[in-house]
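There are 2 protein chains.
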Amino acid sequence: MTATDLFVDFLCPYAWRGVELAAVLRAQGESFRLRHFSLVQGNHPDNAGQPEPQWWLTDQAAGDGAPHQQSSLAAFLAARAAAQQGEEATWAFTLALFRARHEAGQPLDEAAISGAAQAAGLDLARWQAARADDAALRASLRQDLADAHQIGVFGTPTYVLPDGHAAYYRFDHLTRDPEVARERWNLYLSVLRSEAGIGTIKRAKPPKR
Amino acid sequence: MTATDLFVDFLCPYAWRGVELAAVLRAQGESFRLRHFSLVQGNHPDNAGQPEPQWWLTDQAAGDGAPHQQSSLAAFLAARAAAQQGEEATWAFTLALFRARHEAGQPLDEAAISGAAQAAGLDLARWQAARADDAALRASLRQDLADAHQIGVFGTPTYVLPDGHAAYYRFDHLTRDPEVARERWNLYLSVLRSEAGIGTIKRAKPPKR
Numbered sequence: 209m210t211a212t213d214l215f216v217d218f219l220c221p222y223a224w225r226g227v228e229l230a231a232v233l234r235a236q237g238e239s240f241r242l243r244h245f246s247l248v249q250g251n252h253p254d255n256a257g258q259p260e261p262q263w264w265l266t267d268q269a270a271g272d273g274a275p276h277q278q279s280s281l282a283a284f285l286a287a288r289a290a291a292q293q294g295e296e297a298t299w300a301f302t303l304a305l306f307r308a309r310h311e312a313g314q315p316l317d318e319a320a321i322s323g324a325a326q327a328a329g330l331d332l333a334r335w336q337a338a339r340a341d342d343a344a345l346r347a348s349l350r351q352d353l354a355d356a357h358q359i360g361v362f363g364t365p366t367y368v369l370p371d372g373h374a375a376y377y378r379f380d381h382l383t384r385d386p387e388v389a390r391e392r393w394n395l396y397l398s399v400l401r402s403e404a405g406i407g408t409i410k411r412a413k414p415p416k417r
Numbered sequence: 209m210t211a212t213d214l215f216v217d218f219l220c221p222y223a224w225r226g227v228e229l230a231a232v233l234r235a236q237g238e239s240f241r242l243r244h245f246s247l248v249q250g251n252h253p254d255n256a257g258q259p260e261p262q263w264w265l266t267d268q269a270a271g272d273g274a275p276h277q278q279s280s281l282a283a284f285l286a287a288r289a290a291a292q293q294g295e296e297a298t299w300a301f302t303l304a305l306f307r308a309r310h311e312a313g314q315p316l317d318e319a320a321i322s323g324a325a326q327a328a329g330l331d332l333a334r335w336q337a338a339r340a341d342d343a344a345l346r347a348s349l350r351q352d353l354a355d356a357h358q359i360g361v362f363g364t365p366t367y368v369l370p371d372g373h374a375a376y377y378r379f380d381h382l383t384r385d386p387e388v389a390r391e392r393w394n395l396y397l398s399v400l401r402s403e404a405g406i407g408t409i410k411r412a413k414p415p416k417r
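Protein chains in written order, with this note's numbering: chain L, 209 to 417; chain P, 209 to 417.
Any given hint could turn out to be false.
Pairs count within a copy or across copies, as identical chains cannot be separated in the list.
Claimed, not checked - Below 25 Å or equal to it, Euclidean Cα-Cα: the simulated DMTMM-like pairs (lysine to aspartate or glutamate) are:
#: 1; residue 1: 416; residue 2: 380
#: 2; residue 1: 413; residue 2: 355
#: 3; residue 1: 410; residue 2: 371
#: 4; residue 1: 410; residue 2: 228
#: 5; residue 1: 416; residue 2: 267
#: 6; residue 1: 413; residue 2: 371
#: 7; residue 1: 413; residue 2: 403
#: 8; residue 1: 413; residue 2: 331
#: 9; residue 1: 416; residue 2: 295
#: 10; residue 1: 416; residue 2: 371
#: 11; residue 1: 413; residue 2: 213
#: 12; residue 1: 410; residue 2: 391
#: 13; residue 1: 410; residue 2: 213
#: 14; residue 1: 416; residue 2: 213
#: 15; residue 1: 410; residue 2: 380
#: 16; residue 1: 416; residue 2: 352
#: 17; residue 1: 413; residue 2: 254
#: 18; residue 1: 416; residue 2: 355
#: 19; residue 1: 413; residue 2: 260
Derived from the structure by calculation, the hints contain no laboratory data.
Okay, chain L solo, but in the shape it has when bound (with noise of 0.2 Å):
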């Protein structure tokens, strides 16, 4: 069965969520394949209205810009250097340090990072050594984040079916129940393969005062 890539980002919680559905969907015999969106580099002004992207985060030094941009970073990297141990590793290391950032409200620092080595039961050693490899995982990185791009992902989660159809899919609540996760699933599926050619449903949001 060919798998459904799923865009994330650490820094997202909404991506969170969506890594916990197909965890939970993955239970019952779905494939899913973890990948990487930048949210820093597509909403970055240099990168506004232009076809192919100026800014890539995968060309920022470890100690450049915001925190958020550089705790983006590392967590990305971390994470492919943990998928080198297989694909129940990333999925381990992935949601561990989901949980660690927006269920347990750990800011996503190296504490963040190896803890959720650890929880995932990495061999740390060799993650270690893996991460050392800096080069290696931004090249790996960046081939997410150019596909992602060619994809025109712009935010996270985004599922992409083997079908091709991909969208974006932000919800606020939670689930790990099986059948609740199912049902959430399944009306994804119905409005992107709708006759219809659904192309959005965007909830109105009143203005901040």
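Fit chain P to the known structure of chain L by using the hints.
Just chain P, lined up with the frame of chain L:
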């Protein structure tokens, strides 16, 4: 039964399909009220990031601004003059004008507006007399624009359900089939009323080259 408010702008082909959808559902007993949201105003640079609109379509002289701004204002005011002849007259005029523009491909001009009034079977003398009271029509349009702003409408069609749920619903394929329309509406309601608290489902769109 309380009506669903449907915010439209005659400029917008998605609004056209949204009005056609509502018209089919009306024939099945659903209740909709046609209201106006201005895309020109909503997207005006003077209003970007402002808590209250600084630029109002209703403050523009009839001959001011780009052609689409002028025709948008003229169409709104003509529809409000038609509305003085009752709900059925409003629907007939609105459908006729949307079809002239987006189905027949006519420009949104005085010929299209007058043609829609005739096609709708309006009392033309009465309609022209109502159109002459420009200030009253603008005041009534302003109320819709102000309400749309409070609700957070940003595009058309936006449906505002009696229970307060409100969302933009953009789809590519016209339907006038009662069963298809019902399914399409039920899918929209399912998204808005899902326990997930769905804020957005929006398709990724590859960048233009």
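Hint check results:
no. : hint      : verdict
1   : 416 / 380 : within (19 Å within a copy, 31 Å between copies)
2   : 413 / 355 : between (31 Å within a copy, 13 Å between copies)
3   : 410 / 371 : both (23 Å within a copy, 17 Å between copies)
4   : 410 / 228 : both (22 Å within a copy, 20 Å between copies)
5   : 416 / 267 : between (35 Å within a copy, 24 Å between copies)
6   : 413 / 371 : between (32 Å within a copy, 15 Å between copies)
7   : 413 / 403 : between (27 Å within a copy, 18 Å between copies)
8   : 413 / 331 : neither (45 Å within a copy, 39 Å between copies)
9   : 416 / 295 : neither (42 Å within a copy, 34 Å between copies)
10  : 416 / 371 : between (39 Å within a copy, 21 Å between copies)
11  : 413 / 213 : between (29 Å within a copy, 16 Å between copies)
12  : 410 / 391 : both (19 Å within a copy, 18 Å between copies)
13  : 410 / 213 : both (22 Å within a copy, 16 Å between copies)
14  : 416 / 213 : between (34 Å within a copy, 22 Å between copies)
15  : 410 / 380 : both (13 Å within a copy, 15 Å between copies)
16  : 416 / 352 : between (35 Å within a copy, 19 Å between copies)
17  : 413 / 254 : between (27 Å within a copy, 20 Å between copies)
18  : 416 / 355 : between (35 Å within a copy, 15 Å between copies)
19  : 413 / 260 : between (31 Å within a copy, 14 Å between copies)
Comparing the model with each numbered hint stated earlier shows that hints 8, 9 do not hold.
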